[in-house]
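**Q** Turn these sequences into a full structure, and let the hints guide you.
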Amino acid sequence: MLDNKGHPNRLGVWGWLGGGRWGLERYLYTLHRVTGLGLLGHLWEMVSRSEVAVTLDSKAVPFLPGALECSRMGVHTGGEGRNRDWAGPHVRFADGVDPDVAALLFDPQTSGGLLLAASPRQSRVLAAAFPRAGVPLWRVGRGKAAGDGRAIFVV
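Residue numbers (the working numbering): 3 to 157.
Since the hints were made in silico from the structure, they are not lab data. For each residue, glycine too, the CB sits at the ideal point set by N, CA and C. Hints are supplied without guarantee of correctness; some may be wrong.
Beta-carbon label-pair distances, calculated as ranges [what the hints assert, rightly or not]:
no. : residue 1 : residue 2 : range
1   : Gly83     : Ala147    : 25 to 35 Å
2   : Asp87     : Arg51     : 14 to 24 Å
3   : Asp59     : Gly136    : 22 to 32 Å
List time: in silico SDA-like cross-link candidates among lysine to any residue, alpha-carbon distance up to 20 Å [claimed, not checked]:
no. : residue 1 : residue 2
4   : Lys146    : Leu30
5   : Lys61     : Asp102
6   : Lys146    : Ala62
7   : Lys146    : Tyr31
**A** What follows is the structure in structure tokens.
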């Protein structure tokens, strides 16, 4: 998140990243806990408060075992629909994105993970540090200056 002056707000990062034990908080632009808005809802919160557009690689997002199968059987939540109503107008899906994957990206049951944003150089530091600490890390997207408007593009 950014504070009211546009500077990264690191409140909370300290605790989430081990109380400074890892010293990784200095490598982040922002950190966002994914809760009831689902991955795309929380990503939209980040994008809407910045000057970026994000491309999310739907194939890079890890899902819990059985989640995709449940979605394909028609198991959906009310929260998914509300999240789609709220963030959906700002999300563009490429042709070929599996509709069940799209549904899971809006689903609030993605709760619990952390969404991090860092520069490419800083991302390399994080990509090396997380596995050393035994913490999984997945690169699921890229940001760029939003000259054409803030949005999320899902490929």
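**Q** Is Lys61 within 20 Å of Asp102, Cα to Cα?
**A** Distance ~12 Å between Lys61 and Asp102 Cα, so the pair holds.
**Q** Tell me if the straight-line CA distance from Lys146 to Leu30 falls inside 20 Å.
**A** holds, 16 Å
**Q** Is Lys146 within 20 Å of Tyr31, Cα to Cα?
**A** Given pair Lys146, Tyr31 holds - Cα atoms ~13 Å apart, limit 20 Å.
**Q** Would you mind confirming whether the straight-line C-alpha gap from Lys146 to Ala62 stays at or under 20 Å?
**A** holds, 18 Å
**Q** Could you check the hint for me, namely that Asp87 and Arg51 are 14 to 24 Å apart, CB to CB?
**A** holds, 20 Å
**Q** Confirm or reject the claim that Asp59 and Gly136 have a C-beta distance inside 22 to 32 Å.
**A** holds, 24 Å
**Q** Starting from the range 25 to 35 Å, see whether the pair Gly83 and Ala147 falls in it by beta-carbon distance.
**A** Check passed, 32 Å falls within 25 to 35 Å.
Checked against the numbered hints above, the structure violates none of them.
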